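Under this note's numbering, the first residue of the sequence shown is numbered 1, with each subsequent residue one higher.
Accuracy of the hints is not assured; some may be wrong.
Here are the simulated distance ranges between beta carbons [said to hold, decoys possible]:
hint, residue 1, residue 2, range
1, A230, P18, 19 to 29 Å
2, A230, Q64, 31 to 41 Å
3, G195, G138, 19 to 29 Å
4, R34, G134, 22 to 32 Å
5, L322, D247, 25 to 35 Å
6, T217, R327, 23 to 33 Å
7, G218, P18, 35 to 45 Å
8, D131, G248, 51 to 61 Å
Since the hints were made in silico from the structure, they are not lab data. These numbers come from a predicted model, not from an experiment. In this text, a Cβ means the ideal position worked out from N, Cα and C, and glycines have one as well.
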Amino acid sequence: MSTPAVAAATVQIRALQPADLDAVVAIDAAIEGRTRRDYIERRLRSAQKQPLLHAQFAAMQGDQLVGYLLGRLASGEFGRRAPALRIELVGLRPEHSRRGVGRALFDALLRWGGRHGASEIRTLSNWTRSDMLGWLAGLGFELAPNLVLESRVGENHLYADRDGPLSIETGEGPGHEIDFGRDEGNDQERHARHGCDVRAMTAADLDAIVRIDRENTGRDRREYLTARQAEAEQDRSIRVSLAAHCDGTVVGYLMARADLGDFGRTAPVAVIDTLGVDPSYAHRGVGHTLMAQLFDNLGALRVETVETAVPLANTTLLGFLLACGLRNSPRLAFRRAV
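Starting from the given sequences, assemble the full structure and let the hints guide the process.
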């Protein structure tokens with residue numbers, strides 16, 4: 001049997017390519033017990049569109065792909081200042097586990113992060129995934145100062161479900177190419193609560209969103225917010241972003257995405273990246289209106305869970321999300337310095 005050092009020495013690390021899709025899907029299906037082709041194909045396509053934001057690597061032994069690691073550069077979520085790399089997906093053929101191949105892939109990610117200004121690498125993992133927790137510990141990860149919160153959509157008190165779920169065409173259920181940003185032929189999708197009209201976010205909302213964010217954070221995060229909006233326009237099937245309009249202007253926003261993969265997930269999850277309310281409209285229910293509309297939209301589209309990772313120091317945000325019915329997730333946040 002090959003020793004870990006010998007096995008790793010025979011493996012070459014290169015950039016993941018679109019032609020690797022079938023091999024990655026096969027390994028992932030063997031690990032998860034189901035196919036997640038749509039999710040993986042979407043991640044590879046995103047890397048082709050925004051190569052400076054994605055670090056995706058393949059481990060090759062000869063002409064056979066034996067492992068992969070997908071990472072994404074992110075900054076700005078709930079006020080985070082420094083860019084961080086987020087591990088989205090990692091997998092190995094069973095016969096290549098515990099042979100140093102995963103570390104070789106991670107080392108490639110670490111070097112990429114150093115070249116692209118990332119200060120740390122972050123990821124989430126379910127506390128029951130002992131294999132993943134052991135791998136992360138061996139790579140020097142530690143618990144991050146974040147609390148992962150989640151809520152089941154159908155069990156949340158903000159979920160109205162007055163008219164029942166909207167009709168969804170065959171092939172557009174969870175795990176398929178759902179357009180989470182589309183307009184629906186049902187006034188549940190754009191009903192007004194507390195005098196606010198909540199709609200799918202558009203590029204026309206961006207200037208107002210940047211202004212609100214600057215007033216709340218004291219920083220200009222136009223680059224981050226523009227990138228999130230551009231991503232929404234390029235792939236509306238994974239963005240679930242909303243803007244609240246009142247008195248003829250944008251008074252609040254919520255940026256979120258549908259995450260159909262990640263470690264051990266069995267169903268689509270909507271991940272909240274950031275949200276904000278115009279200080280002039282504080283304490284008028286705008287934030288709860290945005291969250292309620294998000295739950296309504298996700299319930300109609302049969303996305304079962306909402307999740308977010310919040311800095312422990314942001315007690316105001318934690319209090320708001322707890323009031324919206326989010327609770328502790330079984331997933332833990334980890335980080336490692338680059």
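Now the hints, each set against the structure:
1. Distance hint check: the CB atoms of A230 and P18 are about 21 Å apart, consistent with the given range 19 to 29 Å.
2. As the Cβ distance of A230 to Q64 is approximately 36 Å, the hint placing it in 31 to 41 Å holds.
3. In this structure, G195 and G138 break the distance hint of 19 to 29 Å, their C-beta atoms being roughly 54 Å apart.
4. Separation of R34 from G134 is about 23 Å and conforms to the stated range, judged on CB atoms against 22 to 32 Å.
5. Taking 25 to 35 Å as the suggested C-beta distance range, the pair L322 and D247 conforms, at roughly 29 Å.
6. For T217 and R327, the Cβ-Cβ distance of about 26 Å falls inside the hinted range of 23 to 33 Å, so the restraint holds.
7. Restraint check, G218 to P18: a C-beta distance of roughly 42 Å satisfies the suggested window 35 to 45 Å.
8. For the pair D131 and G248, the supplied restraint of 51 to 61 Å holds, since their beta-carbon distance comes to about 54 Å.
Checked against the numbered hints given earlier, the structure breaks only hint 3 and satisfies all the rest.
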